[in-house]
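Engineer: Taken in order, these protein sequences are the chains called Z and X. Residues 1 to 429 in my numbering are what the first sequence lists, from first letter to last. Residues 430 to 690 in my numbering are what the second sequence lists, from first letter to last.
Source of the hints: derived by calculation from the structure; they are not laboratory data. Heads up, some of the hints might be wrong.
Stretch by stretch, here's where chain X covers chain Z in the computed footprint (C-beta under 8 Å, at least three residues) [to be verified]:
1) 373 to 387
2) 390 to 397
Within a straight-line C-alpha distance of at most 25 Å, the following computed SDA-like cross-link-like pairs (lysine to any residue) qualify [unchecked claim]:
3) LYS390/Z with GLU576/X
4) LYS390/Z with PRO523/X
5) LYS51/Z with LEU6/Z
Distance ranges between label pairs, derived from CB positions [unchecked claim]:
6) ALA366/Z with VAL644/X: 28 to 38 Å
7) LYS446/X with ALA356/Z: 32 to 42 Å
8) VAL644/X with GLN343/Z: 50 to 60 Å
Beta carbons: idealized from backbone N, C-alpha and C, even for Gly.
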Amino acid sequence: MAAELLEHLREQFLRLEQASSQSGELLQQRRRALEALLQRGFPTTRHEDWKYTSLAPALRYKYEVAAPASEELPSLSMVQGLPQPQLWLLDGVPRVRELPAGVELCTAERFALNGARRELLPGQLVDVEGDAFVALNTAFAPAPLTLTVRESLAMPMHIGIVTQADAAPRLGQPRLLMSIASGTSATLIFNFAHAGANPSMTNAVFELLLQPNAALDVLLWQDGLAEAFAVTTLAARLESGARLRVWTLSFSGALVRNNLYIRLAGSGADAQLYGVTMAAGQRLVDHHTRMEHEAESCSSNQLYKSLAQERATVNFTGRIYVHPGAQRTNAYQAHRALLLSTQATVNARPQLEIYADDVRCTHGAAVGNLDEQALFYLRSRGIPEVQARKLLLYAFVREPLEALPSDALRELAERSLAEHIQLPIEEFA
Amino acid sequence: MGALLQIRNLHVAIEGKEILRGVSLDVYAGEVHAIMGPNGSGKSTLAAVLAGREEYEVLEGTVLFDGQNLLEMEPEERARAGLFLAFQYPVEIPGVSMATFLRTALNEVRKARGQEPLDPIQFLSYARERMGWLGMEPDFLQRAVNEGFSGGEKKRGEIFQLLLLEPRLAILDETDSGLDIDALKIVASGVNRMRSPERAFVVITHYQRLLNYIVPDVVHVLFDGRIVRTGGRELALELEERGYDWLRSEGELVLPTLGEQ
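Okay, chain Z solo, but in the shape it has when bound (with noise of 0.2 Å):
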């Protein structure tokens, strides 16, 4: 099935290579990204980072790769009460709507053009070689673009992530550097939406230099995703003094998997990751975190709510790896998961390989049922067992969203979480 898949890429990859104009050294990024992904193949479960995690169903289909011809925005209910995003990514071609004031798009080829800085270049912080779908969105991505924040925001830029299988199983690879500039600050949040009665894969690489002292906050709102597959590769650089918020809001999709992969590079540097994961039916959900602690008196926090209900996974890795020299690093990681069926499962594999001395790091992973004492505490006070049930499910996983940056994302996302519990939140507002 996956060799049937890559040979199809391949053969895709040659025709666009034909009709592409592109030339010089995205091309060559893009040739040797192919070569990479041909040579090794996609993940099976017996690689380590894939053994709780079978691609096989997402293999299946000959996705077509090629953007499309639309030039329309789709009109896509995506999270009420969000503006409409100002930035398009639709199969991975941008189109944009307004951008705010301080903020710069620009193609990569562009910046390949102008002989730009190396740093702005996608490829920085990823592994093309040695990851699969980082070499496959490195191979065909239509449009790498950079954006760079060089104001602070002062309202959360909204990026629609939509891939469109409308006549034919389709691969939406948006691929985007970002970079934050010194001193600034700003919210980004990435909303991913599936579209279309074909099956779809959204391969997303997202790349985030932090330059000194600069403040972001990310949200991955994975809620519109229905059946679809997504593999999200989040990397980021910290240079001194930045932070980093990460929240992964995984409520849809048969098969998603993120990797967030940071790296304390200046000292004073923290990052902070949250997840809050809904798991039901058949739904895969796997969260892959690296948290390397290169420099010194950097600071990182992991929160990871889950539920898992019916004969969904939830797959958890998170690997804390501090560097020799990173003196004074405190590390926390947490993952919380309730298995809420006999058919559910929950793996978590907390990792942490320390090199320095003066280090202060801790993790957990703990996976249980619902408190029968609470629920029992909640029923005798009137309230039917479904709706306890489901008070207390929204109760233990809503807490990695108490850290959101403002009331009005986080009752967003609360309204969100709590549709997904099916829980009348207006009784509970």
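Given the coordinates of chain Z, work out where chain X should sit on it, guided by the hints.
Structural biologist: Below, chain X alone, put in the same frame as chain Z:
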């Protein structure tokens, strides 16, 4: 009028061990009954069974609440019918605010009584008035259910819920345990405020101290899973003076209980 609560020959086991061994009790509207007894006598088991805890197995006997078969009702149905248990150990529920919890509960109970639900603003003024009666901190409603509460705060919270939900029968399970005298007085004042001809109380306690403030109409002594004595207020004083050992020395003596008279 029949008894609001009628217990007949109730036998209850947990994990195969019989704890209640034939309890009979009638509680009429307007009455306050105290149930006293040494540790392990079955007091809390009685409270738990009445509230509907599923881990207890009823071996024999009947319980009628306002003429309905209580033992067939779900815990939430019991609450909506007007039964309330003040927990000995109120449960902490992180992530659920007191306001959310109590407004949801109150509106369920109101629905069962044929009353309109309260919106958040109506609820707030209704709740604040009652918080005032118990001298509670203003941030109480914003806190997570019982989370990080001191023992006294938890017990006061239970009485607050009693004031809020206005049940027909309130069972107080060791509400006095762990309270200092000031907290005890506050708790008792809340209960006394709620005494009415339509409402009954079953006050479960190890010590008679609470009964100085909540004066009972009837005092029962539960011993080894049975009610071995029933009397007036003075029985509680006698227990305080003599302890429970004199009951033990009387061995298996079973005195006629109210239900069998």
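Engineer: It remains to establish, for every hint, whether it holds in the given structure.
Structural biologist: Hint by hint, here is what the structure shows:
1. 373 to 387: holds (count 13)
2. 390 to 397: Result for this restraint: holds, n = 5.
3. LYS390/Z with GLU576/X: holds (19 Å)
4. LYS390/Z with PRO523/X: holds (14 Å)
5. LYS51/Z with LEU6/Z: Judged against 25 Å, a Cα distance of about 21 Å means the pair holds.
6. ALA366/Z with VAL644/X: 28 to 38 Å: Given range 28 to 38 Å: violated, Cβ gap about 48 Å.
7. LYS446/X with ALA356/Z: 32 to 42 Å: violated (55 Å)
8. VAL644/X with GLN343/Z: 50 to 60 Å: Taking Cβ atoms as reference, VAL644/X and GLN343/Z lie about 56 Å apart, which means the hint holds.
The structure fails to meet hints 6 and 7 from the earlier list, while all remaining hints are met.
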